[in-house]
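A.B. asks: Chains as they are written, first to last, in our numbering: chain F, 1 to 282; chain U, 1 to 319.
Just so you know, the hints here were simulated from the structure itself, not pulled from any lab data. All residues carry an ideal CB built from backbone N, CA and C; glycine is no exception. It is possible that part of the hints are untrue.
[To be verified] Computed footprint of chain F on chain U; a stretch qualifies when at least three of its residues, placed anywhere within it, have a C-beta under 8 Å from a C-beta of chain F:
{"no.": "1", "stretch": "147-157"}
{"no.": "2", "stretch": "162-175"}
{"no.": "3", "stretch": "217-227"}
{"no.": "4", "stretch": "243-253"}
{"no.": "5", "stretch": "279-288"}
{"no.": "6", "stretch": "294-300"}
[Stated by the list, open to error] Covered by chain U, per the in silico footprint, the following chain F stretches (three or more residues, Cβ under 8 Å):
{"no.": "7", "stretch": "29-42"}
{"no.": "8", "stretch": "60-72"}
{"no.": "9", "stretch": "134-140"}
{"no.": "10", "stretch": "153-162"}
{"no.": "11", "stretch": "191-200"}
{"no.": "12", "stretch": "208-217"}
{"no.": "13", "stretch": "260-270"}
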Amino acid sequence: MTAVSRTRRNRPADNRPRWNGNTIAALAILIVLLFPLYWMVNIALQSDRSLAGTTWLPTAPTWAHFSTALSTEGGSLLTSLTVALGAVVVCLALAAPAAYGLAQFKLRGTRVVVFGTLITQMVPGIVIANALYGAYVDLHLVNSYLGLIFADASLGLPFSIVLLRAFMVSIPAEVVEASLVDGANRFVAFVRIVLPMSRNALITAGLFTFLFSWSDFMFALTLNTTDNVKPITVGIYEFVGAHVSDWGAVMATAVMAAVPAAVLLVMAQKYVAAGITGGSIK
Amino acid sequence: MSSTQNVAVSAPVSDGTRSRPSRAQGRRSALRWCFIAPAVGYMLAFFGYPLVRNVVMSFQHYTPSTFFDGRAPFNGLANWRAVFSNPLFTDSLWHTLVFTLGSLLGQFTLGLALAVFFSRRFRLSGVVRAVLLLPWLVPMVVSAVVWRKLLDPATGVLNTLLMDVHLIGSPLPWLSSPNAALASAVLVNIWIGIPFNMVILYGGLQEIPTDLHEAAALDGAGVWRTFRSVTFPLLRPVVTVVLVLGFMSTLKILDLILALTNGGPADSTQTLGTVSYQLSFLQLDFGQGAVVGNVLILISAVFAVLYLRANRADFGPER
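Given these sequences and hints, build the entire structure.
C.D. replies: Right, dumping it as C-alpha cells:
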C-alpha cells in the first residue's frame, strides 16, 4: 500500500511530464497488449455477413449479437452477480473481525493463524473442489446458491485478511480504548470505530473478492451438476462448445462478462493498484 | 509495515496479577478469539479439510455410484499405482512444468521490462499502466475464449495479420496441432500474467531510492550496468515474491486450459489440473483424481516454503 501512495508524486504544476517518445512507445505497447480485447469488442459489434473478413473497425456496428447473448446468457449474468455479491458479504463478514483481531489483540496463536492464512494460497482449487463435492453432496449444497457463495468466498478470504490486517495494524489502539472507557464493548467499538476507519481497505478487499468470484470457473463447474446455478463463466464455456460458429454472440457474451473488470478499473483505479501490491507483498 | 506491534497492547489495566493469567483475563482472551474464530473455522473447512480429505480419498475406491450409495471402500495403493502407470500422468506432469515455467519466464521478463520502462517520467504513464491491467482483471475463461478466436487457423486475426506482413506463408495451426497447442497456451497465459508482474515489480522499483542510480551514473556505470548491479539486487525480495506467487498460481491454472483447448488436441495440453478434474468429475473416479491433486499440492508445497521465507518478516506480533 505504501508503495502506491508513495508514487503519487506531488510535483509543482509547471513541472508536468511532457509528451515524448516514451509516451508514443507506451501507447504502442498499450495497443499491442489490449488488441485481443479490442478484437473481442470488434467481433461482437460486426454482423456475420462477411464470415471470413472481419473488418478492422466496426464501421456498421450492430447490437444483434448482444441481444442474442443477453437472451441466452442474461440469466447467467444475474447468477454471477448474485453469487459474487453474496461472496463479498460472507468474505468481509469473516475477514474484517479476524483481521482486526490478528492485527491488534496479540493473542497466543496469532502467528499460526497468519501463517495458515498465507499458506492457503498454495492449495489448488481442484483439490478443494475434489473434496468439497463429496461434502456438498452430503450437505445438500450441490446446485445451490448458498453452496457456491460459500465456496467462492474462499477465493477472497485469505487475500482480504492479509490486506485488512496490514491496514489495521496501523490503527492506534488508543482510539478504540477511548470508546471502551465510555462503556462500549469491544464489538461495538469495532463496528463504530474500526470499520469506518478501514473503509478504503474494506472497499479494496470487497472489490477483489467480487472480481475473484465473478471470474470463478472451477467451483461453478464442479459444484453444479444442473443448470440451476450457472454463472456466466460456465455459460460462456458451454456456449463455445455449442455454438462455435456463432462467434459474434460468443464475443458479445465475453464482452458482458468482462464489463465488471473494466468498470472496476475505471471507477476504482487506486483500490485496484493498492490491492495488487498490498495483497501480495504485505 | 509490520513494525507497529507496540500499538497492539491493551495492557492489563486493573488487575495486578501480571504474570499469572487470571480468570478475567482468560475470559477476555476467549471473547477476543470470537473475532478470529469464524474466519479460522471457515478456513479449516474450505482449505484444511480438503487437504486432509484428498489424502484419505486417494486411498479409496470411488465409482460413479459412490455418491448414491455412499460406498467408497479403501483400496490401498491401487489409485496411486493406476495413476503412476498411466502415461497421461507423466505427460501431464511434463506439460504442467513446461506451462508453468514457460509462462513465468515470459510474464516476468516482459513484466520487468515494462516496469522499468514505466519508471521513466512521461505523460500518460500512470493511465497507460492502469489500463494495461485489464487483461489480468478479465475472467480467465473470457480471455481463453477470445484467444481461441484470435488463434483460429482459418478465421483468426493473428494468422491473417502474420500472412499480410509475409511473416508466414500459410496459416499456423496454433491450437489445432499437438505440437503447437501447449506453446500457444503459454503464449496466452503470458499475456494474462504480464500486468500482475508489471505492477508488483513497478511498486518494488519505486521503493529504490533514486540517488543510488545517480551515484552509479556518476561512477560511470551505464544503464545496463546500473540495472544489473544496483537495481536488480535491491529488487530481489520483490522478485522472489512475484516468482513464487506466480509459480503457485500458474501451477493450479485450470480454467484457461479447459476453455482454450480442453486438454487437447490429442492430450497435448493436459496438465495435472485438467487430468485431476477429468478423473474426478468426468470419470467420477475421485480417488485417482485425488492422487493427482496430491501430487499438485506436493509440488506447490516445495515452493510455498520459498514463499514463506520471502514473507518471513510478516507472520504476526509474536516473537
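A.B. asks: None of the hints should be skipped; say for each whether it holds.
C.D. replies: Cross-check of the supplied hints:
1. 147-157: With 7 residues in contact (Cβ-Cβ under 8 Å with chain F), the coverage given for the stretch 147-157 of chain U holds.
2. 162-175: violated (count 0)
3. 217-227: violated (count 0)
4. 243-253: holds (count 5)
5. 279-288: holds (count 3)
6. 294-300: holds (count 4)
7. 29-42: holds (count 8)
8. 60-72: Check failed, 0 qualifying residues.
9. 134-140: holds (count 3)
10. 153-162: Three-residue rule met by the stretch 153-162 of chain F, so holds; n is 5.
11. 191-200: That given contact is violated, which follows from only 0 residues of the stretch 191-200 of chain F lying within Cβ reach (below 8 Å) of chain U.
12. 208-217: Contact hint for the stretch 208-217 of chain F vs chain U: holds, 4 residues under 8 Å.
13. 260-270: It holds: at least three residues are needed, and the stretch 260-270 of chain F offers 5 whose Cβ sits within less than 8 Å of chain U.
Of the numbered hints stated above, those contradicted by the structure are hints 2, 3, 8 and 11, listed in ascending order.
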